[in-house]
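A.B. asks: Here are the chains, one letter per residue:
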Amino acid sequence: MVTVNDGKPGLSRRELLKGGGIGALLVISGSAVISPEHAWGLETSALKPETVATLIQMARDIYPHDQLADKYYAIAVKAHDEKAGKDQAYKELVEKGVADLDAKAGGGGYINQSWEDQRVAVLEQIEATPFFQAVRGGLVVGLYNQKAVWPVFGYEGESYSKGGYIDRGFDDIEWL
Amino acid sequence: MAKTFDLKDGSVVVIIGSGAGGGTLGNELAQKGINVVMLEAGRRYEYGEFINDEWESFDQLAWKDKRIASGEWQVAKDFPNLPAWIVKAVGGTSIHWAGASLRLQEHEFKTLSTYGKLDGANLLDWPITLAELEPYYAKAEDKMGVTRTNGIPGLPGNNNFKVMKAGADKLGYKECSTGRMAINSEPRDGRMACQQTGFCFQGCKWGAKWSTLYAEIPKGEATGHLEVRPQSMVLKINHDAGGKVTGVVYADKDGKLHEQKARIVAVAGNSIESPRLLLNSESSKFPDGLANSSGQVGRNYMRHTTGSVYAAFDKPVHMYRGTTMAGIIRDEARNDSSRGFVGGYEFETISLGIPFMAAFLKPGAWGRSFTSALDDYVNMAGLWIVGEDMAREENRITLHEEEKDEYGLPIADVFFDDHPNDTAMRNHAYKQGTALYEAVGAVRTFPTPPYPSTHNLGTNRMSEKPGDGVVNKHGQSHDIKNLFVSDGSQFTSGGAENPTLTIVSLAIRQADYIAKEMAAKNI
Ligand SMILES: Cc1cc2nc3c(=O)[nH]c(=O)nc-3n(C[C@H](O)[C@H](O)[C@H](O)COP(=O)(O)OP(=O)(O)OC[C@H]3O[C@@H](n4cnc5c(N)ncnc54)[C@H](O)[C@@H]3O)c2cc1C
Ligand code: SF4
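In the order they appear, the protein sequences are chains A and B.
Okay, so the first sequence: first residue is 73 according to our numbering, each after it adds one.
Okay, so the second sequence: first residue is 63 according to our numbering, each after it adds one.
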């Protein structure tokens, strides 16, 4: 089971230090990927937590939106952990895909390439693989169909319950 | 309670599909006192049940049974299992549609004589003219409550329209307005006026937009002459030794098979399922499928030359607020080969929410070039290109060799290649659409490839001569007198205009013909 917690992960400073650091922002603790700064954690069940952490970084590099917190990328990739739990072949595809990504990235693996450009250059090498396409394809719905991200893009979503836009700015453009 | 008919009642007209064509035909026949059984593969929802959420609504309404897209068209690469975006529900794609209701132009009924024989195209004149269809267009516009006809005012323009209009003025276009729309600009026909909700593609939760679901079918049911059976997927049309059709076999919601007897069968499953059903109804008497002595069933598949242009500005637009198709430019719809192609195209505003924009703006794209476009979402305006594409024999619906559906029947393979005329037209339209937005200060423009086909046409086309097509000028099959086609697959050519007004006009005309022929005991 994968759970996404919005609350405080409740890690002590000592545990944080003990846990493996990934990138600058995410921490691995036991079977979870944790963002101490933003107080959420993602528990993995089928995939290695390091793998999921890499997927989160990969997700951001594929669809980079600086105004979106890591949490949304984490939610978007958790389906891969769920699917891997049910499908051994899929689990291998993802684990091998990430291992290959790390090998191609060299020194310290994918996640430790500190510039986006460097990571994107690695992604470009694997763009045609089923692994990359599975991750990218999953994000199209997994990331952009989260209602919580819509306001970040200024999209207002459902409008029927508010009576449509007839009195709420359907023709309010002023700059033309 | 609406009337029900017995499976063995062979006096009824069976209509397959309840969309723009089938739903209209059913009501028209019922109004004349003719008994109709309408079999619809999808469920029945009421408009209050529609969902203001793109993917959830897609899941509720779309036809998701597997199909294969093949050929060189972009859709086959981007959406290999979703060649078309159409509805499986009572009301059919008249639930999804945006409401743009334009008549075809005179020359568009005569493409072969107007454009001449084009290499790689299979053009043909319609067996009817605009003049013959005009009285039915008038009836359809009245029935559907089309704005700017019958004294109905136009809809107010939303932000997306205002940007389009400003650009159109700059380019010197003269025919830009909020269009002729089958959307109530004031209460009419027991339905309320548009509330500018902005989810026209997801089904109008106010019922302001015309759909057979609530504007035709209930009226037919009220006569006691129409029974609609939802979740009834027709698998085969049966015939007798003399070659007349006698009924249809359908699967109910539990997969149980039934045979409904019929005096007349009218096929209105949209341009992929209608030919598929005729082909799947092959028999020893008709080894190539029903009504297919010409070999044209499934051929000449048209989908309009489409594409979109989105543009980002440095200030907000909020294009998603209000009617999705909020404006139309008709200046490019003329036939003027000096532009490097025959036929013409319309520009119509379009808007997608963030979920669909992510899926359709540039399928497969990733990285900052793509995501920075989405970051500009609030500042975007958008238009859709809809132009006449050239019928080609090779563009066709066939039965897939291996893959079968849940009933064991071959699924549809939808093959399409652009004709060079289509490509030239699309490129012209991209250029003009881009220029339009740049004229009002766009900072970036995004030429967007075609979506899965929303307009599916031509696969059982009308022809004067039986050798050139599948049905005559009444949609009656050349081969079998009591078999009709009642949807967009009858179109001999596509025109530059959105097809539904023409589909509805043809259905009204066909109802008159069927009633006359039944009374004369010819069928
Ligand atoms: C997003 C979108 C926007 C559009 N906007 C416009 C617009 O603005 N203007 C315009 O003119 N057109 C528009 N269209 C196109 C328009 O909706 C279609 O052209 C029109 O609905 C087609 O009518 P039809 O009767 O051919 O088929 P449909 O309306 O698709 O009806 C076919 C019905 O048959 C059923 N069916 C199929 N096979 C079987 C079977 N074997 N047994 C039982 N039932 C079956 C289907 O479930 C469906 O309900 C739009 C379409 C889409 C998707
Ligand atoms: S914008 Fe108007 S027509 Fe479209 S869904 Fe909303 S109320 Fe209906």
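By construction, these hints were calculated from the structure, which means they are not laboratory data.
Values in this document were obtained by computation on a predicted structure and should not be read as measured data.
It cannot be assumed that every hint is accurate.
[Stated by the list, open to error] When the alpha-carbon atoms are kept at most 16 Å apart in a straight line, the in silico EDC-like pairs for lysine to aspartate or glutamate are as follows:
no.	chain 1	residue 1	chain 2	residue 2
1	B	K126	B	E465
2	B	K377	A	D244
3	B	K377	A	D243
4	B	K172	B	E465
5	A	K234	B	D115
6	B	K535	B	E465
7	A	K176	A	D189
8	B	K281	B	E108
9	B	K172	B	E344
10	B	K466	B	D127
11	A	K219	B	E118
12	A	K219	B	E108
13	B	K377	A	E246
14	B	K298	B	E344
[As the list claims (entries may be wrong)] Just a sample of chain B residues kept apart from chain A, beta carbon distances all over 10 Å, derived:
no.	residue
15	K70
16	K126
17	K128
18	E134
19	K139
20	K179
21	N220
22	L233
23	G234
24	D314
25	W428
26	G429
27	D437
28	N534
C-beta atoms are modelled at their ideal positions from N, C-alpha and C, and glycine is treated no differently.
A.B. asks: Each hint should be assessed against the structure and marked as holding or not.
C.D. replies: Against the structure, the hints:
1. B:K126 x B:E465: Status holds; Cα separation ~15 Å.
2. B:K377 x A:D244: holds, 12 Å
3. B:K377 x A:D243: holds, 14 Å
4. B:K172 x B:E465: Violated, at roughly 38 Å.
5. A:K234 x B:D115: Answer holds: K234 of chain A to D115 of chain B is near 14 Å, not above 16 Å.
6. B:K535 x B:E465: violated, 35 Å
7. A:K176 x A:D189: The given pair, whose Cα atoms are some 14 Å apart, holds under the 16 Å limit.
8. B:K281 x B:E108: Between K281 of chain B and E108 of chain B the Cα gap is close to 15 Å, so the pair holds against 16 Å.
9. B:K172 x B:E344: Distance ~32 Å between K172 of chain B and E344 of chain B Cα, so the pair is violated.
10. B:K466 x B:D127: holds, 10 Å
11. A:K219 x B:E118: Measuring from Cα to Cα gives roughly 12 Å; hence the hint holds.
12. A:K219 x B:E108: Not OK: K219 of chain A and E108 of chain B at ~25 Å, beyond 16 Å, violated.
13. B:K377 x A:E246: Cα-Cα ~9 Å, so holds.
14. B:K298 x B:E344: holds, 9 Å
15. K70: Given a closest Cβ separation of 44 Å, the condition holds.
16. K126: holds, 14 Å
17. K128: holds, 17 Å
18. E134: For E134 of chain B, whose nearest Cβ neighbour in chain A is about 20 Å away, the distance exceeds 10 Å, so it holds.
19. K139: The claim holds: K139 of chain B sits with its nearest Cβ about 13 Å from chain A, beyond 10 Å.
20. K179: holds, 42 Å
21. N220: Check fails; 4 Å does not lie beyond 10 Å.
22. L233: Fine: 15 Å to the nearest Cβ keeps L233 of chain B off the interface.
23. G234: holds, 17 Å
24. D314: holds, 32 Å
25. W428: violated, 5 Å
26. G429: With a cut-off of 10 Å, G429 of chain B comes too close to chain A, as the shortest Cβ separation is near 6 Å.
27. D437: violated, 6 Å
28. N534: Per Cβ check, N534 of chain B is outside 10 Å of chain A; nearest 44 Å; holds.
In this structure, the earlier hints numbered 4, 6, 9, 12, 21, 25, 26, 27 are contradicted, and the remaining ones agree with it.
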